[in-house]
Amino acid sequence: MSILVDGDTRLCVSGITGREGTFHALNNKRYGTNVVSGVTPGKGGQSVEGVPVFDTFHEAVADTGANTAMIFVPARFAADSIIEAADAGIPTIVAITEGIPAHDELRVYTQLKRSSGVRLIGPNCPGVLSPGKANVGIIPADFFKEGNVGVVSRSGTLTYQIGNELAQGGFGNSSIVGIGGDPVPGSSFIDVLELFEADPETELVVMSGEIGGSAEEEAAEFIADNVSKPVVGYIAGFTAPPGKTMGHAGAIVSGSKGTAQAKAEALEAVGVRVGRTPTEVSEIVVEILDG
Amino acid sequence: MDLLEYQGKQLFARHGIPVPAGRPATSVDEAVTAADAIGYPCVVKAQVQIGGRGKLGGIKVAASRAEAHEHAGAILGMDIRGLRVHEVWVEEASEIEAEYYASIVFDRSARAPLIMLSTKGGMDIEQVAEEDPEAIASLHVDPLLGYQQFHGRRLAFEAGVDGDLVRPLTGLLEKLYEAFVGEDAMLIEVNPLIVTPERELRALDAKVTLDGDAMFRHPDNAALRNPSAEDPQEQMAKERGLTYVKLGGDIGILGNGAGLVMSTLDVVAQAGGRPANFLDAGGGSKADAIVAAVEVILSDEKVGGVLFNIFGGITRCDEVAKGLIEAFGQVQPQVPFVVRLDGTNDEEGRRLLAEAALPNLHVEGTMLGAARRIVELAAATPSEAR
Numbered sequence: 000m001s002i003l004v005d006g007d008t009r010l011c012v013s014g015i016t017g018r019e020g021t022f023h024a025l026n027n028k029r030y031g032t033n034v035v036s037g038v039t040p041g042k043g044g045q046s047v048e049g050v051p052v053f054d055t056f057h058e059a060v061a062d063t064g065a066n067t068a069m070i071f072v073p074a075r076f077a078a079d080s081i082i083e084a085a086d087a088g089i090p091t092i093v094a095i096t097e098g099i100p101a102h103d104e105l106r107v108y109t110q111l112k113r114s115s116g117v118r119l120i121g122p123n124c125p126g127v128l129s130p131g132k133a134n135v136g137i138i139p140a141d142f143f144k145e146g147n148v149g150v151v152s153r154s155g156t157l158t159y160q161i162g163n164e165l166a167q168g169g170f171g172n173s174s175i176v177g178i179g180g181d182p183v184p185g186s187s188f189i190d191v192l193e194l195f196e197a198d199p200e201t202e203l204v205v206m207s208g209e210i211g212g213s214a215e216e217e218a219a220e221f222i223a224d225n226v227s228k229p230v231v232g233y234i235a236g237f238t239a240p241p242g243k244t245m246g247h248a249g250a251i252v253s254g255s256k257g258t259a260q261a262k263a264e265a266l267e268a269v270g271v272r273v274g275r276t277p278t279e280v281s282e283i284v285v286e287i288l289d290g
Numbered sequence: 000m001d002l003l004e005y006q007g008k009q010l011f012a013r014h015g016i017p018v019p020a021g022r023p024a025t026s027v028d029e030a031v032t033a034a035d036a037i038g039y040p041c042v043v044k045a046q047v048q049i050g051g052r053g054k055l056g057g058i059k060v061a062a063s064r065a066e067a068h069e070h071a072g073a074i075l076g077m078d079i080r081g082l083r084v085h086e087v088w089v090e091e092a093s094e095i096e097a098e099y100y101a102s103i104v105f106d107r108s109a110r111a112p113l114i115m116l117s118t119k120g121g122m123d124i125e126q127v128a129e130e131d132p133e134a135i136a137s138l139h140v141d142p143l144l145g146y147q148q149f150h151g152r153r154l155a156f157e158a159g160v161d162g163d164l165v166r167p168l169t170g171l172l173e174k175l176y177e178a179f180v181g182e183d184a185m186l187i188e189v190n191p192l193i194v195t196p197e198r199e200l201r202a203l204d205a206k207v208t209l210d211g212d213a214m215f216r217h218p219d220n221a222a223l224r225n226p227s228a229e230d231p232q233e234q235m236a237k238e239r240g241l242t243y244v245k246l247g248g249d250i251g252i253l254g255n256g257a258g259l260v261m262s263t264l265d266v267v268a269q270a271g272g273r274p275a276n277f278l279d280a281g282g283g284s285k286a287d288a289i290v291a292a293v294e295v296i297l298s299d300e301k302v303g304g305v306l307f308n309i310f311g312g313i314t315r316c317d318e319v320a321k322g323l324i325e326a327f328g329q330v331q332p333q334v335p336f337v338v339r340l341d342g343t344n345d346e347e348g349r350r351l352l353a354e355a356a357l358p359n360l361h362v363e364g365t366m367l368g369a370a371r372r373i374v375e376l377a378a379a380t381p382s383e384a385r
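Just so you know, the sequences run in chain order A and B.
Be aware that the first sequence starts at 0, since it is given in numbering that gives the first Met the number 0, and climbs by one per residue.
Be aware that the second sequence starts at 0, since it is given in numbering that gives the first Met the number 0, and climbs by one per residue.
Hints are computed from structural coordinates only; laboratory data are not their basis.
All C-beta atoms in this analysis are idealised placements derived from N, C-alpha and C, irrespective of residue type, glycine included.
Don't take each hint at face value.
Chain A regions said to be covered by chain B (calculated; three or more residues, Cβ under 8 Å) [what the hints assert, rightly or not]: (1) 11-17; (2) 96-102; (3) 179-187; (4) 237-243; (5) 247-260; (6) 268-279.
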């Protein structure tokens, strides 16, 4: 088992004819992901190394049975593309695009919450990898192998860093989910923790957060009441000054709100052990699973 | 992006929100000309993003031309909590009968805009929230439905606004909401929102934060400048398309990916060092981006050592190594570099660096080891090398 993407995934890539879109769609295909189609308005009828391209998501779904969408179009077109995928009935949407305006994300989020059964991962995220099964996004799959540690993170490269240290400790992953660094992510830590809790293969979850917002504090409350599996935390940005956006649009300490200290304390208060470095995170995981 | 008061007021005026008449000025002569045009008494206001600038001498009332001259001379060039005043806003003096507070915040946790209204304006709203939470009325607006008149009525009645002002206030909040959505704002705050003796509402101050990701829709806003908040390195980085934040310490940091860079800052601090900056070279960084980044980091004179922490995903470590070698050829750094390369093409990257044998460049195997090493080396860097 794994969560969100697996052998049943039938992927349609929005923006497949763009340079980055082509590169990563083919990369995902090489990994074994079933990439069934792509969408680029005006380029319907073409193909990208055997993957058929359609003008609309509705055609792609009708012709190729796509059940997962990956959004790779530029920020100004991305919100529209996400809504189109949802409207075409695609239940799982992974948005890689960075730099979508916050108000667009808010409208997308609110709309998707109302259309039942649609799950958005991202935007501004590296995607989802279920090692040995499917890779949807830009996560470098070579560093990860199959196993029983679930990872959910707001940051891409930090996920690779932690995953790599776990691999060196002998552990693999059920799924790795990047929820993205934007102010209004489609899925929160809570949404993904719920999936990992229900996934029989996942024995432990690593949750990697960062400054800004209150998603980690909300996750702490959820863990206390709803998660029976051990969770190990990490928070980036202890040294971040207030009022400065640290790379991710959502990574900002506003006044006294959204600090790393407060997030780590909220998690520790419900019994989640929080590593102070990525290395310490993997040491705690090894200790829990070996012990 | 945070706007200056007058930029916020000009944005308000475009959306029909009443503001006092005023003009910006960057010199004493300009300020006096503005004051003459507006008439006396008028107010000379320092344009810096600092709360409480009035108490610090940044806001003064001028009753005459001579006073306008005197105040503009005193305020322009003044230092307010480390920010230099490059501009003043000269506006007509307002008579104040009452001070209200109104704001709209992009509430991430609730995933909806939050409107707040209070009849206790003119002071720090967080203090009001603490001492007298009942004095603030607030509600969330459904982002797909948008602002409705009843929102304004509910807020006005709950906040205890004078009866004759309920209708005008409802209209003003509607315009604020239009500005909030229309300009892609993350925050709009009017404090104080004054009531004049003629029972008119007016925004006496304006605090506006815009979404940097939405600037493609607002070229006019994108062109707005705030010279007092611009740091030379941050400006240089912006021109080169790099994500850089100045932090004030002496260890320059470069990494790929925002989370990894934040984590690197934390690890350097744990090792006893003080990071000089946050710099995310981004995914897929090519050699020329690395050269540009090294130039930006080293242009900060405080920097006594530089740490590269790369975990290659899309970013290829051999590209980073090539960029470093090129950067060393172009700028000949006088301070030590510690480099940690892991991930895609890491062996090739390390081989290139070993072959190039760059002076005072050290390769470390782990993030923690690299952080400790650079802290040690930077402490030993003589000041003339910085």
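Problem set entry | Ascending list of hint numbers which this structure does not respect | 1
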